[in-house]
Amino acid sequence: MPAGVAAEAAASLALSGPVGGVVGARVLGAVVGHADLLTLDMGGTSADASLVQGGEAREEGSTVVGGVPLALPSVLIETVSAGGGSIAWVDEAGALKVGPRSAGATPGPACFHRGGTEPTVTDACLALGWLDPEWALADTVHLDAKAAERSLEPIARALGGDVPRAASGIVEVATAVMARALKRVSVARGVDPRRLTLVPFGGAGPLFGCALADQLGMRTVLVPPHPGVLSALGLAAAAERVELVAALHRRAGAGERSAVVAAYTELETHAAALLPGAATQRLADCRFTGQGYEITVPLTNGEPDGIEAAFNAAHRARFRHGGVDGPVEIVNVRVVAERPAPAPALGRRVGVGRPTPGWRRMIVRGERVRAQVWPLGELPPRVRITGPAILAGPDATALVETGWRGTVHQSGAVILERA
Amino acid sequence: MTLDPVAREVMGHAFAGIAEEMGLVLIHSAVSPNIRERRDASAALFDAEGDMIAQAAHIPVHLGALADAVQAVRAERPQPGELYILNDPYAGGSHLPDLTLIGVIRTADGIGGYSVVRAHHSDVGGATPGSMPAGARELFAEGLVLPPVLLTPEVERMVFANVRTPEIRRADLAAQRAAVERGAEGMWSLAARHGWAFVREAARALMDHAEARAHAVLSRLPLPSQGSVAAVDWLEGDGVSDADIAIQVAVSVKDGRLHTDFSGTAPAVPGNVNCPIAVTHAAVLFVVQTLLGEGVPMNAGVARTVQVTAPEGCLVHARWPHAVAAGNVETSQRIADTVFRALGAAGVPVPAQGQGTMNNVTLGAPGWTYYETLGGGQGAGPGGPGASGVHVGMSNTRNTPIEVLEMECPIRVRRYALRGDSGGAGRWRGGEGIVRELELLVSAEASILSERRRHPPRGSAGGGDGACGINLKNGAPLPAKANFPLAAGDILRIETPGGGGWGVEPSPTRSNA
Chain Z
1 MPAGVAAEAA
11 ASLALSGPVG
21 GVVGARVLGA
31 VVGHADLLTL
41 DMGGTSADAS
51 LVQGGEAREE
61 GSTVVGGVPL
71 ALPSVLIETV
81 SAGGGSIAWV
91 DEAGALKVGP
101 RSAGATPGPA
111 CFHRGGTEPT
121 VTDACLALGW
131 LDPEWALADT
141 VHLDAKAAER
151 SLEPIARALG
161 GDVPRAASGI
171 VEVATAVMAR
181 ALKRVSVARG
191 VDPRRLTLVP
201 FGGAGPLFGC
211 ALADQLGMRT
221 VLVPPHPGVL
231 SALGLAAAAE
241 RVELVAALHR
251 RAGAGERSAV
261 VAAYTELETH
271 AAALLPGAAT
281 QRLADCRFTG
291 QGYEITVPLT
301 NGEPDGIEAA
311 FNAAHRARFR
321 HGGVDGPVEI
331 VNVRVVAERP
341 APAPALGRRV
351 GVGRPTPGWR
361 RMIVRGERVR
371 AQVWPLGELP
381 PRVRITGPAI
391 LAGPDATALV
401 ETGWRGTVHQ
411 SGAVILERA
Chain P
1 MTLDPVAREV
11 MGHAFAGIAE
21 EMGLVLIHSA
31 VSPNIRERRD
41 ASAALFDAEG
51 DMIAQAAHIP
61 VHLGALADAV
71 QAVRAERPQP
81 GELYILNDPY
91 AGGSHLPDLT
101 LIGVIRTADG
111 IGGYSVVRAH
121 HSDVGGATPG
131 SMPAGARELF
141 AEGLVLPPVL
151 LTPEVERMVF
161 ANVRTPEIRR
171 ADLAAQRAAV
181 ERGAEGMWSL
191 AARHGWAFVR
201 EAARALMDHA
211 EARAHAVLSR
221 LPLPSQGSVA
231 AVDWLEGDGV
241 SDADIAIQVA
251 VSVKDGRLHT
261 DFSGTAPAVP
271 GNVNCPIAVT
281 HAAVLFVVQT
291 LLGEGVPMNA
301 GVARTVQVTA
311 PEGCLVHARW
321 PHAVAAGNVE
331 TSQRIADTVF
341 RALGAAGVPV
351 PAQGQGTMNN
361 VTLGAPGWTY
371 YETLGGGQGA
381 GPGGPGASGV
391 HVGMSNTRNT
401 PIEVLEMECP
411 IRVRRYALRG
421 DSGGAGRWRG
431 GEGIVRELEL
441 LVSAEASILS
451 ERRRHPPRGS
461 AGGGDGACGI
471 NLKNGAPLPA
481 KANFPLAAGD
491 ILRIETPGGG
501 GWGVEPSPTR
511 SNA
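As you go down the protein sequences, you meet chains Z and P in turn. Heads up: the first sequence begins at 1 in the numbering used here, then just goes up one per residue. Heads up: the second sequence begins at 1 in the numbering used here, then just goes up one per residue.
I should point out that these hints are in silico values taken from the structure, not numbers from a laboratory. Note that the structure is predicted; figures quoted are calculated from it, not measured. Among the hints, erroneous ones may be present.
[As the list claims (entries may be wrong)] One side of the interface only, derived from the structure: several residues of chain P facing chain Z at Cβ under 10 Å: (1) ASP4; (2) HIS13; (3) ALA14; (4) VAL25; (5) ILE27; (6) ALA30; (7) GLY186; (8) PRO297.
All C-beta atoms in this analysis are idealised placements derived from N, C-alpha and C, irrespective of residue type, glycine included.
Please build the complete structure, drawing on both the sequences and the hints.
In structure tokens:
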């Protein structure tokens, strides 16, 4: 969106940070050739799940930002409180819980040595050997393995096991919490996750990619070359895009064709002025008369005649019932204008020569294993990786679990598939 | 097989996630404002024995009550894959507008559990539009009664022939059925991953865990080890007579279980403030849930720690065919208030009373019906003031946005505001009630079911009482419960009660000078 437009429509920039990640995932998906994605951005305090279908981020009619309802279309994001800083605890009847309290970045996980003493998801990952204390996180945070273990000891005692077992339990519970968010954006909305590609990002997300894919029955995980900065890259690489909406509120297909076409033409004229030379697409937000949530459907060849049929098909696909089988109304008409960015700036650093993996001992799914360690983001194309393996980058670390195999793509991304 | 704490927690999230998904499917495709906007609905999963595994927490009054619906269906010897409907308050229902769909989850060799969705439909026939008639004297005046029956196309046709807005019911029921199917699919995919034996075992483990948590909390309550603590509170008439109706309870904790004995409560009344025992159970369970705090899963394990005794035939254990429409929405509030009051008398730190009513407003005429409940003041607690303009206690619905109301119904909203100075004074003030003024654009039948119009929500620990609510038609007062006609241009104004204050107000007191 041009800066002038942004200034006049500041509310439409709300949540642009998290959305940047979704856009980044979408751009990466396009480069790799995967158009249907589930994305998971795991940060310090929470994890955000989102859905990309046919290369488009799923949007819903409204959202709430800081308690203020925002009646603007926005990217569907479901948030759960499971992040690297989420605190693990044991309740009085002996159940292991993760979150909702978080140590955030300050005081942060115990292993950050910034004053935190409570055990977090990051401490568990370190204790399992997934993170390397020899390398500072994001070049600045030195990890203290002893502090992580100390913080986990009370959990281990309460569960009646050792520290590695407590750490395994914490990552398993965190995975279950995140799987809930992924299911809310997929199964609860009529989308079968098994056909989608999981894109885990954020500093900690790619550690959980394989485990989450297992929980949802997914077969493919796409690890970005720089998962920790995918949001920023996404914003830079995103196509310039303007989306214009006009309320119409008409019966679909009831002799209103000229009014509908006129509404689209007006939006397209406006869009052309904002973003000259952009390609435009016509969409319509529809519902059965009486419903309170709309489904957005694209117009085939820009023709309004097929709206009703497209909506009926979309409603059936999503809810598996035909609603009232009654009149369909168009609530809004919508035009999306897009001008591609010059080139997807995925920011790959090409390493020198052909890297060979290092080795490290770690614990994956309760098993002690010897895992390969590869440099994420610097791998030449077509390198093959067999789990268990760690892909260690400056901004994030990925875990390739036993039973998964990876191939490095041209872009530096790693495509993981079940072996 | 015993489940370790990690596997149990992981499965707890999986079950809770399925219940949430069921709720999302329902509200995203239902058409009536009461379901899609106010979310007057609940979704839950049960195991094959009929014990609740998980519930999407929408409405407290549905909490424990859904278990009775599943038991009523089990008594019909259901077959795998069948879908039942019921609303009979004397066979698993709550009040007639709550239509409950129960899907029997199929496994390879039997029943894997039950997927249950209850939603309040804003008309199920009966004497007045909206099926919440004040002063109904028999169940039959409140709408069509559905015992647990298979939801066949024939039954659907019969339902649609008996309601005022059949097209809306058809769509809402379709949404409800889709939500039930989502529940079954969720369980199938869990079983495909883990096997039914493990799923069953996990469900039992979660119930045992919740029971242990509830036991621990209840055992710590400062209730006398011998005898019990009693409290009494009143309903302000039944819509037939204006006389107060006593609800009495004696509360004790024995062996880590909360015993509530309602002996001494008034007999069931002619009007419709009676409760089937399922609703009374739900109200007590709600109180227990507020005591449990964070992270205790709401399932059948918690219900095992609650014992409810009520003489058959009394207000809170009514017998067929007493009318019950307001029992679910108003009496349930008072039952919870009375139990809280007893706990408070024993020294449990409970908040001051909230508005204690749902302020049910039902409007309708041929072709449309509308039902809403209104928020009010929350009681203040030892830690802070009460929230203003919210649903408290047994109701957990949202409001209907003005834009939606005006688009859907021939009603204009003239005023929707907080009601100043209605919260009780104190160290912490009670929350404010609200003022809602509706202008009718056509003539319609109206029905109001409300409470706390003469007995105010009480303050606690020296705090002041909240203001009583007021119902007005064109400026003239109406009773707490009334059926009456409205003409085009008439103005209905509801002022909802404020919450009680907590603690003595620090001096100098607010000056009126």
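We went through each hint and held it up to the structure:
1. ASP4: At 8 Å from the nearest chain Z Cβ, P:ASP4 passes the 10 Å test, so the hint holds.
2. HIS13: 4 Å, holds
3. ALA14: At 7 Å from the nearest chain Z Cβ, P:ALA14 passes the 10 Å test, so the hint holds.
4. VAL25: Constraint on P:VAL25 satisfied, holds at 6 Å.
5. ILE27: Nearest chain Z Cβ about 8 Å off; hint holds.
6. ALA30: With Cβ-Cβ at 8 Å, under 10 Å, it holds.
7. GLY186: Constraint on P:GLY186 satisfied, holds at 7 Å.
8. PRO297: Holds, because the Cβ-Cβ distance from P:PRO297 to chain Z comes to roughly 9 Å (cut-off 10 Å).
Violated hints for the displayed structure: none, as all numbered hints are satisfied.
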